[in-house]
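With the hints as constraints, model all of the structure from the sequences given.
There are 4 protein chains.
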Amino acid sequence: MSTSRLLIECPDARGVVARVAACIADAGGNILDADQHTDADTNQFFMRVEFEPGPGLTERAFIDAFRATADNLAIAFRLRWADAPARRVAILCSKSTHCLSDLLWRFANGDFPGGEAALVVSNHEAGRSLAEHAGVGFVHEPIADGDKSLQEQRLIGRIDDAGADLIVLARYMQVLSADFVERFRSRAINIHHSFLPAFAGARPYHQAFERGVKLIGATSHYVTEDLDDGPIIAQRTARVSHRDTVSDLVRKGRDLERVVLADAVRLHLEDRVLVSGRKTVVFD
Amino acid sequence: MSTSRLLIECPDARGVVARVAACIADAGGNILDADQHTDADTNQFFMRVEFEPGPGLTERAFIDAFRATADNLAIAFRLRWADAPARRVAILCSKSTHCLSDLLWRFANGDFPGGEAALVVSNHEAGRSLAEHAGVGFVHEPIADGDKSLQEQRLIGRIDDAGADLIVLARYMQVLSADFVERFRSRAINIHHSFLPAFAGARPYHQAFERGVKLIGATSHYVTEDLDDGPIIAQRTARVSHRDTVSDLVRKGRDLERVVLADAVRLHLEDRVLVSGRKTVVFD
Amino acid sequence: MSTSRLLIECPDARGVVARVAACIADAGGNILDADQHTDADTNQFFMRVEFEPGPGLTERAFIDAFRATADNLAIAFRLRWADAPARRVAILCSKSTHCLSDLLWRFANGDFPGGEAALVVSNHEAGRSLAEHAGVGFVHEPIADGDKSLQEQRLIGRIDDAGADLIVLARYMQVLSADFVERFRSRAINIHHSFLPAFAGARPYHQAFERGVKLIGATSHYVTEDLDDGPIIAQRTARVSHRDTVSDLVRKGRDLERVVLADAVRLHLEDRVLVSGRKTVVFD
Amino acid sequence: MSTSRLLIECPDARGVVARVAACIADAGGNILDADQHTDADTNQFFMRVEFEPGPGLTERAFIDAFRATADNLAIAFRLRWADAPARRVAILCSKSTHCLSDLLWRFANGDFPGGEAALVVSNHEAGRSLAEHAGVGFVHEPIADGDKSLQEQRLIGRIDDAGADLIVLARYMQVLSADFVERFRSRAINIHHSFLPAFAGARPYHQAFERGVKLIGATSHYVTEDLDDGPIIAQRTARVSHRDTVSDLVRKGRDLERVVLADAVRLHLEDRVLVSGRKTVVFD
Chain D
-12 MSTSRLLIEC PDARGVVARV AACIADAGGN ILDADQHTDA DTNQFFMRVE FEPGPGLTER
48 AFIDAFRATA DNLAIAFRLR WADAPARRVA ILCSKSTHCL SDLLWRFANG DFPGGEAALV
108 VSNHEAGRSL AEHAGVGFVH EPIADGDKSL QEQRLIGRID DAGADLIVLA RYMQVLSADF
168 VERFRSRAIN IHHSFLPAFA GARPYHQAFE RGVKLIGATS HYVTEDLDDG PIIAQRTARV
228 SHRDTVSDLV RKGRDLERVV LADAVRLHLE DRVLVSGRKT VVFD
Chain W
-12 MSTSRLLIEC PDARGVVARV AACIADAGGN ILDADQHTDA DTNQFFMRVE FEPGPGLTER
48 AFIDAFRATA DNLAIAFRLR WADAPARRVA ILCSKSTHCL SDLLWRFANG DFPGGEAALV
108 VSNHEAGRSL AEHAGVGFVH EPIADGDKSL QEQRLIGRID DAGADLIVLA RYMQVLSADF
168 VERFRSRAIN IHHSFLPAFA GARPYHQAFE RGVKLIGATS HYVTEDLDDG PIIAQRTARV
228 SHRDTVSDLV RKGRDLERVV LADAVRLHLE DRVLVSGRKT VVFD
Chain S
-12 MSTSRLLIEC PDARGVVARV AACIADAGGN ILDADQHTDA DTNQFFMRVE FEPGPGLTER
48 AFIDAFRATA DNLAIAFRLR WADAPARRVA ILCSKSTHCL SDLLWRFANG DFPGGEAALV
108 VSNHEAGRSL AEHAGVGFVH EPIADGDKSL QEQRLIGRID DAGADLIVLA RYMQVLSADF
168 VERFRSRAIN IHHSFLPAFA GARPYHQAFE RGVKLIGATS HYVTEDLDDG PIIAQRTARV
228 SHRDTVSDLV RKGRDLERVV LADAVRLHLE DRVLVSGRKT VVFD
Chain A
-12 MSTSRLLIEC PDARGVVARV AACIADAGGN ILDADQHTDA DTNQFFMRVE FEPGPGLTER
48 AFIDAFRATA DNLAIAFRLR WADAPARRVA ILCSKSTHCL SDLLWRFANG DFPGGEAALV
108 VSNHEAGRSL AEHAGVGFVH EPIADGDKSL QEQRLIGRID DAGADLIVLA RYMQVLSADF
168 VERFRSRAIN IHHSFLPAFA GARPYHQAFE RGVKLIGATS HYVTEDLDDG PIIAQRTARV
228 SHRDTVSDLV RKGRDLERVV LADAVRLHLE DRVLVSGRKT VVFD
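Residue numbers (the numbering used here), protein chains in the order written: chain D, -12 to 271; chain W, -12 to 271; chain S, -12 to 271; chain A, -12 to 271.
Worth flagging that the hints you see were computed from the coordinates, not collected in a lab.
Hints may be right or wrong, so weigh each one.
No distinction is drawn between identical chains; accordingly, a pair holds when it is met within one copy or between any pair of copies.
[As the list claims (entries may be wrong)] Pairs of lysine-lysine, DSSO-like flavour, derived with a Cα cap of 30 Å:
#	residue 1	residue 2
1	K82	K239
2	K135	K82
3	K266	K239
Here it is, written out as structure tokens:
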């Protein structure tokens, strides 16, 4: 990655774009791409700027130069500098391995620049072989004696040890605690196997089959306290018919889930997603 | 239409396909297309056969010949004979005319063989000009003195006078009574402007906007007692983003609604839809 | 339309975004949206900026203020000021009226802000009734005595008389002269009924049927000297199967053509399309 | 697989459906699904019947019982009996492994009932690790001394030794000889990384990039003498924009290729594809 990315959020005001652009230019940066959005309900302004830092410009120097403008406009910002190391990603899964398999293939084949698979954690053994074949560490953290809380603490320990910055729930079938959610807010991506908000909760393909829908869907979203209710990052649908059994929906759905989860991971790793209340702004 | 269509429903049993095929062949008919489905939950069997009657074979004679087999296998059937007149269609609408306009264009241009627009009824005047330009009768039946029940009775009178066999609710924004629903069961098609079961009820595009979905949808379904819960005939989705306002969703949704409603009308007029409990079997 | 739009093209250089943003801010404008693209092959830079002019700022004053920057960076630009009148659109058609009907409905219902239907010209009478019902002037310009050149000159006269700025070929089935193409370069949009570059030329649905494709498509593009080879603005596809006859492809294709042509007209009227050699940059 | 499948091709004639259905019923079979198609150009009739054989009915006995009808109606047929062993599949690949990886995952996870991965052959070493991890034999058959003909003969030997019935070209980048094509006619499936017939031949993503299309596609087809011109089994498209580099097209295209190739393999293994001249009939 040879470009820096600046993500901005602030109350909307006249001239924000021009002032941010001027800051970057004055610091010797060259803007390659800038995208903006103002939420009409909250009047909150969002911006993503991708720029070449220019010779000699360091992250420290840029932040110092940008500070006054940021303070003045009440800007909250995140910066990923051009030479930042790849972000480490922890993948959590249970028994289904189609998303895990797909993600590992993509990491290995360069589909996710800016990220690297740091470890796979599962409450089952199903993913071990895939992880090991991909050269990624695998940790089995079963729920022992029904104590989910302890298991989650061990899981968090593993994630911290691995220095993971992004958590990907690749069909991880355990509800996460409020603590976990808070700790990884806007950094934990889940895939739900329905077109949310339809068929939230358990067994969405069974629900879809019962209802007789003509399309099934998949939804990737950030994890929040409310199950299947976090800000949506990506969604896709596929056609089904009366001929499809629940097993057929599961099979067709797997193709959706893989791509929709990979979409979200890529968008996140490219710093293209900002959370705005219950929604996302996706600068793609 | 030069072919006859036989629609069958019965408990599943060995040899139904062969016995029905034999009946048609023995009567001098030639099967052009046959499609079957067995509902795995109810073990109910559904079949659609399209056949050329053969020289001299009349509807009466065929029914007489088929009766014994039908009785023997407990078959309920519908028959549309090759020379049947076009079915008459009543279109109900309110203020939005995009679906009405689209349907009238399709009727006029031969997109719906086997059907003809019989009349347009509305609780508003908005559709009059379109209907009259298309040479289709327009009736304004407003809800006077807040008495919806009387208006609905007049509406049913108009439909009966026009000899309409299919009712298309082209964004008709009034809830229909249980009587109406019962009278036109599996013959009244509604378009709902969301991907059901998500966003049932009022203002689905507002709901979709609030939830921050990345796809919007439209659903055509038969009308039942439960609002927006009837058997689904067709669904489609389209991409949206954080940039889209509610107005944009409405605009993009119109394109979906038109096509999804037209899909359902065409499938119904071609006798391709059978109702199976809460679901449809669509032989397309 | 309450915002101004500035479209820019120039050789790529450091700081263009910042300098343009500064120009607008210094003139009292407030940038609402900015989008950029650099063509990697030609190193040409493209930008679209949407901004509120700010109180008292006139088009003349802005151009004067922008001139120096434009000259300095070799910027070619187009400006559409906030209070500019709707652009007038001439629709050309032949015998098929599905696109015409759709466009007229959209103009009448506010789907194309910034544009108005100025007139319909056709070498056939088929569109007259639709145009007149929509309150849009209709002109029949048949090809008399086989003299296409004279007909085209009369056609151009009609377009000029109507003050039309955008030409929409809504299934107009005549090849246009080099003169016509030059006169309306990047201002004449055609719909071709295939997924170009597949099935260019005559009878694309027949070609698609012969080849046995499983998807059909439609393509909207700017008209150039080379038939069906102009810069593509929008494309969509739809599923077909071995069951579909050529007539079915034509019917299904009409739904694609309407939407793909409307997409292009809307994008053009919102100043979202820039031509870059054989391609378009679409800032949507 | 507990059902038998009968695939039929013959000149169209009155009563074929009924007579075939009667044959199956008389032999004690129960038809679960029947699908038919008549090619309007050639008047050739195609049919696929799926049936339960019934107690005691053997393949041999059924063929004997069916022979007279088949001869009488000039029916060519293929039969796959309920207890037939899984068909063995040879996967050929070169350096790109995304399709190989996907196919192996699907075979291992039961996505392709009726088939099993028999071996992987490649002119490169890239696929070895994946194949071995999946427990599938891997054979490296490089083109030595530029002698493609010898390599192909060795390759055919490997396929024969493995008893493979279906050949899947999972991005195998070598042109096959007429001999090879003839030997595996309608049993060798290729994936081409474009929406054929657009961008046949080499480097289709580069061609698509040059042309500036707004959709890319992938096509699976049976291999014939004419490169990229065989009967199409499945196609899909995905949206792209001016922002996408050739690398982005390649990345997005991989997702299409995997699914489109898997679609074709599944349809073939379920005996749902019949070749009709340059086209396929796909009974899905």
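Within a copy, between copies, both or neither: which one fits K266 and K239 at a CA-CA cutoff of 30 Å?
both (27 Å within a copy, 20 Å between copies)
Treating 30 Å as the Cα threshold, decide for K135 and K82: within, between, both or neither.
within (17 Å within a copy, 44 Å between copies)
Within a copy, between copies, both or neither: which one fits K82 and K239 at a CA-CA cutoff of 30 Å?
both (18 Å within a copy, 28 Å between copies)
Violated hints: none; the structure is consistent with every hint.
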